[in-house]
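Protein chains: 2
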Amino acid sequence: MIEKYMRIAIEEANKAKDIDEVPIGCVIVKDDTILAKTHNLRESLNSAIAHAEILAIEQACKKLNTWHLYGCDIYITLEPCPMCAGAIMQSRIKNVYFGANNPKGGSYGSNFNLNKIRGLNHYPNVEKHILEEECSNILKEYFKGKRKKLQ
Amino acid sequence: MIEKYMRIAIEEANKAKDIDEVPIGCVIVKDDTILAKTHNLRESLNSAIAHAEILAIEQACKKLNTWHLYGCDIYITLEPCPMCAGAIMQSRIKNVYFGANNPKGGSYGSNFNLNKIRGLNHYPNVEKHILEEECSNILKEYFKGKRKKLQ
Numbered sequence: 001m002i003e004k005y006m007r008i009a010i011e012e013a014n015k016a017k018d019i020d021e022v023p024i025g026c027v028i029v030k031d032d033t034i035l036a037k038t039h040n041l042r043e044s045l046n047s048a049i050a051h052a053e054i055l056a057i058e059q060a061c062k063k064l065n066t067w068h069l070y071g072c073d074i075y076i077t078l079e080p081c082p083m084c085a086g087a088i089m090q091s092r093i094k095n096v097y098f099g100a101n102n103p104k105g106g107s108y109g110s111n112f113n114l115n116k117i118r119g120l121n122h123y124p125n126v127e128k129h130i131l132e133e134e135c136s137n138i139l140k141e142y143f144k145g146k147r148k149k150l151q
Numbered sequence: 001m002i003e004k005y006m007r008i009a010i011e012e013a014n015k016a017k018d019i020d021e022v023p024i025g026c027v028i029v030k031d032d033t034i035l036a037k038t039h040n041l042r043e044s045l046n047s048a049i050a051h052a053e054i055l056a057i058e059q060a061c062k063k064l065n066t067w068h069l070y071g072c073d074i075y076i077t078l079e080p081c082p083m084c085a086g087a088i089m090q091s092r093i094k095n096v097y098f099g100a101n102n103p104k105g106g107s108y109g110s111n112f113n114l115n116k117i118r119g120l121n122h123y124p125n126v127e128k129h130i131l132e133e134e135c136s137n138i139l140k141e142y143f144k145g146k147r148k149k150l151q
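Chains as they are written, first to last, in this note's numbering: chain A, 1 to 151; chain B, 1 to 151.
No lab work stands behind these hints, which were simulated from the structure alone.
Chain copies aren't distinguished; within one or between two, either way the pair holds.
Keeping only pairs whose Cα atoms sit at most 27 Å apart, straight-line, the calculated DSSO-like set for lysine-lysine is:
no.	residue 1	residue 2
1	Lys94	Lys30
2	Lys128	Lys116
3	Lys62	Lys104
4	Lys4	Lys62
5	Lys17	Lys140
6	Lys128	Lys140
7	Lys104	Lys116
Could you put together the complete structure from these sequences and hints?
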């Protein structure tokens, strides 16, 4: 089940790649129902907050008509940045599943661990390394292509 | 100048209070021009991400038609949470001015300091204690009123 939803997040990441966005995808699920499927749209929307996770949380809140996503799970191809890990905390998401580690701001172990900060309102359960190689390869291929274009 | 803009952020916080939202206000300024004035709308919009800062960054990006807010300053009545400090980092805002400390997730010194995490893309300059008493009193009065209602 976890891999099934991560494959959908990977499809979303590929949609980002097709429009020349950094390929990161995300899915939010509750009771085996998909509430949101999104990909990074920072360049397309010209918005610093248009990461896949923020867009997904916004969509899921709209769908449930509430700001708290109790009992929801989020699947992300890349370890969230501080903004997105913070949004996951704010929305009370239950489980976080991610694929590739993010050495440039990963907030569940790579640069720091938001779940280790005391006094926050909520601490989701976090599982990493889900289809890690596939998630990581999409990013590697994307940046390899970018560098080739620059040569 | 710093106090002038913080007073506008306080006006925004009061607008939040008037609609029974936790009273937090925010202003984004570039070259002495206000790009965004917002207040917390989490309950009104039923959205976990509808903090004053996220709404302000979204507005400012729209106004400048770009995801990076180089040279912009943000004024906030309360120390930002991890999501909002992360969004400030993502948007490359230059200066952060805030009023009251936030013991429930403050991310520039209270619960942790995002600016001390290595390997991030950007580190804004942060100044605290701006009109601290006024900023803090709005929140205290709000929660006192809430508790009274509950008795």
